[in-house]
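Asker: Please build the complete structure, drawing on both the sequences and the hints.
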Amino acid sequence: MMNKVWSSAAEAVKDVSDGSTVMIGGFGDAGSPIELVHALIDQGAKDLTVVNNNTGSGEVGLAALIKAGRVAKMICSFPRTAHSEVFTELYRAGQIELELVPQGTLAERIRAGGAGIPAFYTATSVGTPLEEGKERRTFGGRDYVMEYGLPCDVSLIKAKAADRYGNLIYNKTARNFAPIMAMAAKTAIVQVAEVVPVGSIDPEHVVTPGIFVQRVVHIKAPQHESELVKQGVSYV
Amino acid sequence: MSASQTTVGRTREQMAERVAQDIPDGSYVNLGIGIPELVAKFVPEGRELIYHTENGLLGMGPAPTEDDGEPELINAGKRRVTLNPGASFFHHADSFAMIRGGHIDVCVLGAFQVAQNGDLANWSTGEEDAIPAVGGAMDLVAGVKTIYVITQHCTKHGEPKLVESCSYPLTGVGVVSRVYTDLAVIDVTPKGFQLVELSPGVSFEYVQERTAAPLLPA
Chain B
734 MMNKVWSSAA
744 EAVKDVSDGS
754 TVMIGGFGDA
764 GSPIELVHAL
774 IDQGAKDLTV
784 VNNNTGSGEV
794 GLAALIKAGR
804 VAKMICSFPR
814 TAHSEVFTEL
824 YRAGQIELEL
834 VPQGTLAERI
844 RAGGAGIPAF
854 YTATSVGTPL
864 EEGKERRTFG
874 GRDYVMEYGL
884 PCDVSLIKAK
894 AADRYGNLIY
904 NKTARNFAPI
914 MAMAAKTAIV
924 QVAEVVPVGS
934 IDPEHVVTPG
944 IFVQRVVHIK
954 APQHESELVK
964 QGVSYV
Chain L
3 MSASQTTVGR
13 TREQMAERVA
23 QDIPDGSYVN
33 LGIGIPELVA
43 KFVPEGRELI
53 YHTENGLLGM
63 GPAPTEDDGE
73 PELINAGKRR
83 VTLNPGASFF
93 HHADSFAMIR
103 GGHIDVCVLG
113 AFQVAQNGDL
123 ANWSTGEEDA
133 IPAVGGAMDL
143 VAGVKTIYVI
153 TQHCTKHGEP
163 KLVESCSYPL
173 TGVGVVSRVY
183 TDLAVIDVTP
193 KGFQLVELSP
203 GVSFEYVQER
213 TAAPLLPA
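Note that the protein sequences, when read in sequence, are chains B and L.
Read in order, the letters of the first sequence are residues 734 to 969 in the working numbering.
Read in order, the letters of the second sequence are residues 3 to 220 in the working numbering.
Everything labelled a hint here was simulated from the structure, so no lab data went into it.
Hints should not be assumed to be uniformly reliable.
[As the list claims (entries may be wrong)] Under 8 Å between C-beta atoms, here's a sample of chain B residues computed to sit facing chain L:
{"hint": "1", "residue": "Gly761"}
{"hint": "2", "residue": "Asp762"}
{"hint": "3", "residue": "Ile774"}
{"hint": "4", "residue": "Gln836"}
{"hint": "5", "residue": "Ala852"}
{"hint": "6", "residue": "Thr855"}
{"hint": "7", "residue": "Thr857"}
{"hint": "8", "residue": "Gly860"}
{"hint": "9", "residue": "Arg908"}
{"hint": "10", "residue": "Phe910"}
[Unchecked claim] With a straight-line Cα cutoff of 27 Å, these simulated DSSO-like cross-link-like pairs (lysine-lysine) come out:
{"hint": "11", "chain 1": "B", "residue 1": "Lys806", "chain 2": "L", "residue 2": "Lys80"}
{"hint": "12", "chain 1": "B", "residue 1": "Lys905", "chain 2": "L", "residue 2": "Lys80"}
{"hint": "13", "chain 1": "L", "residue 1": "Lys80", "chain 2": "B", "residue 2": "Lys963"}
{"hint": "14", "chain 1": "L", "residue 1": "Lys43", "chain 2": "L", "residue 2": "Lys147"}
{"hint": "15", "chain 1": "B", "residue 1": "Lys905", "chain 2": "L", "residue 2": "Lys43"}
[Unchecked claim] Cβ-Cβ distance ranges computed for the label pairs, FRET-style:
{"hint": "16", "chain 1": "B", "residue 1": "Val966", "chain 2": "L", "residue 2": "Arg81", "range": "17 to 25 Å"}
{"hint": "17", "chain 1": "B", "residue 1": "Pro942", "chain 2": "L", "residue 2": "Val10", "range": "43 to 51 Å"}
{"hint": "18", "chain 1": "L", "residue 1": "Gly160", "chain 2": "B", "residue 2": "Lys953", "range": "50 to 58 Å"}
{"hint": "19", "chain 1": "L", "residue 1": "Glu207", "chain 2": "B", "residue 2": "Ala852", "range": "50 to 58 Å"}
{"hint": "20", "chain 1": "B", "residue 1": "Ile944", "chain 2": "L", "residue 2": "His105", "range": "22 to 30 Å"}
{"hint": "21", "chain 1": "B", "residue 1": "Ala743", "chain 2": "L", "residue 2": "Pro46", "range": "15 to 23 Å"}
{"hint": "22", "chain 1": "B", "residue 1": "Pro942", "chain 2": "L", "residue 2": "Pro216", "range": "52 to 60 Å"}
{"hint": "23", "chain 1": "L", "residue 1": "Gly71", "chain 2": "B", "residue 2": "Lys806", "range": "33 to 41 Å"}
{"hint": "24", "chain 1": "B", "residue 1": "Ala848", "chain 2": "L", "residue 2": "His105", "range": "29 to 37 Å"}
{"hint": "25", "chain 1": "L", "residue 1": "Pro66", "chain 2": "B", "residue 2": "Glu927", "range": "18 to 26 Å"}
Note that the Cβ used here is the ideal one computed from N, Cα and C, for glycine as well.
Answerer: Written out as structure tokens, the structure reads:
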């Protein structure tokens with residue numbers, strides 16, 4: 734029998750090893766897998782390369798993982814976030830590395846990583862400082878830069894519901910990076926508010942097919958980053 | 003808004019209203035964060051525009067007024083929004099395929115500098131200790147069919163933002179079509195900056211004095 738549902742967040746992240754590349758879904762408050770990230774903080778893996786659009790908010794979730802000193806390198810498009818000085822302080826102190834990637838290039842690198850495509854060309858960043866060190870080629874009279882696909886060891890993402898096969902549906906703009914991060918990971922770990930019986934999600938409505946998902950954790954009432962930040966919660 | 007910005011030319015709201023006049027009925031539109039967001043308030047009666055936001059939504063409506071909205075229904079500026087009828091959600095790679103693939107008709111962005119050849123600088127002032135952050139700006143200018151810039155004509159310190167060549171790091175090369183400022187509407191043409199119209203009560207000489215590149219009269 735195929736059953737991808739794990740007993741707890743702690744169990745699901747137990748084998749994340751030091752030095753892993755970890756993608757964390759979410760864009761601002763939408764889709765941030767807070768409970769999985771907190772389980773990873775408890776688990777203790779360090780020297781991580783983390784991929785997210787930003788660098789977290791307040792001192793919870795990703796910002797708390799960074800503050801705990803577990804992240805050696807961030808790959809993101811916008812490391813400045815409201816209500817968080819955590820990344821800024823470590824970056825200025827030279828204690829964390831940054832790879833700055835335009836948001837669309839980041840998304841496509843993740844997608845390509847999951848689709849078995851080692852590299853691709855995009856017009857984004859041509860003639861700008863972010864082109865430095867990249868191969869340029871001309872197609873049809875227009876210049877493009879080469880970007881590499883970005884696979885990862887582990888993805889931590891959040892969805893609305895899953896069945897035990899790992900088929901996923903999402904909640905509104907919480908979808909954002911989650912479907913492509915699931916594709917890009919050797920081990921995609923998903924927290925869902927609801928686990929539903931196989932067959933109950935209309936096949937026409939499945940957003941992420943279960944083949945891209947390895948572990949499902951049931952988190953019935955997930956917390957929201959903005960609420961925790963407002964309450965002044967620190968998970969470090 | 004400082005008093006100096008309101009004494010001459012258009013206010014921010016009037017600038018946004020002027021941009022809205024130029025967006026054709028039936029367009030797919032992406033509005034940048036800040037002044038560009040105001041444009042949605044001024045769409046002329048009878049025009050149907052569909053707003054795209056990079057984080058995975060077409061058919062974005064205004065900020066919620068009747069309640070606090072939902073934490074997982076937000077725009078690229080991470081503010082809560084609403085849905086218009088006919089809206090759709092999609093993941094980030096599809097969202098940027100819409101942008102990079104040339105499916106979005108118009109994008110309105112802010113600017114630090116615009117050069118006379120259409121180069122845009124709007125993501126970094128290149129300061130040594132600044133944390134570099136680019137977001138989706140480079141993808142938008144590389145992929146959207148028409149790029150409009152909405153900006154004050156000069157910085158808070160009175161320095162022209164329309165220049166011969168940008169001194170700040172570029173977002174894109176030769177990407178801007180038209181610039182809407184408090185003082186004028188100006189096209190970027192193969193011959194350089196071409197005045198389209200002056201704001202009410204503003205003279206050509208006044209605009210040229212505050213533009214660090216030649217301005218062709220209307």
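Asker: How about B:Ile774: closest beta carbon in chain L under 8 Å, or not?
Answerer: Constraint on B:Ile774 not satisfied, violated at 22 Å.
Asker: Taking the closest Cβ pair, is B:Phe910 under 8 Å from chain L?
Answerer: Status holds, d = 5 Å.
Asker: At the C-beta level, are L:Gly160 and B:Lys953 separated by a distance inside 50 to 58 Å?
Answerer: 57 Å, holds
Asker: When you check the alpha-carbon spacing of B:Lys806 and L:Lys80, does it fall within 27 Å?
Answerer: 24 Å, holds
Asker: May I ask you to test the hint 33 to 41 Å on the CB atoms belonging to L:Gly71 and B:Lys806?
Answerer: At roughly 34 Å between Cβ atoms, B:Lys806 and L:Gly71 fall inside 33 to 41 Å, so the hint holds.
Asker: For the hint on B:Asp762, just tell me whether its beta-carbon gets within less than 8 Å of chain L.
Answerer: 4 Å, holds
Asker: Between B:Ile944 and L:His105, does the C-beta distance stay in 22 to 30 Å?
Answerer: Given about 28 Å between the Cβ atoms, the range holds.
Asker: Taking the beta carbons of L:Glu207 and B:Ala852, is their distance inside 50 to 58 Å?
Answerer: 53 Å, holds
Asker: Just to be careful, I want the Cα atoms of L:Lys80 and B:Lys963 compared with a cutoff of 27 Å; is the pair within it?
Answerer: 15 Å, holds
Asker: Is 43 to 51 Å respected by the C-beta to C-beta distance linking B:Pro942 and L:Val10?
Answerer: 59 Å, violated
Asker: The hint names B:Gly761 as touching chain L; please verify it with the least Cβ-Cβ distance against 8 Å.
Answerer: 4 Å, holds
Asker: Against chain L, is B:Thr857 within 8 Å by beta-carbon distance?
Answerer: 4 Å, holds
Violation of the numbered hints given earlier is confined to hints 3, 5, 17, 21 and 24; the remaining hints are satisfied by the structure.
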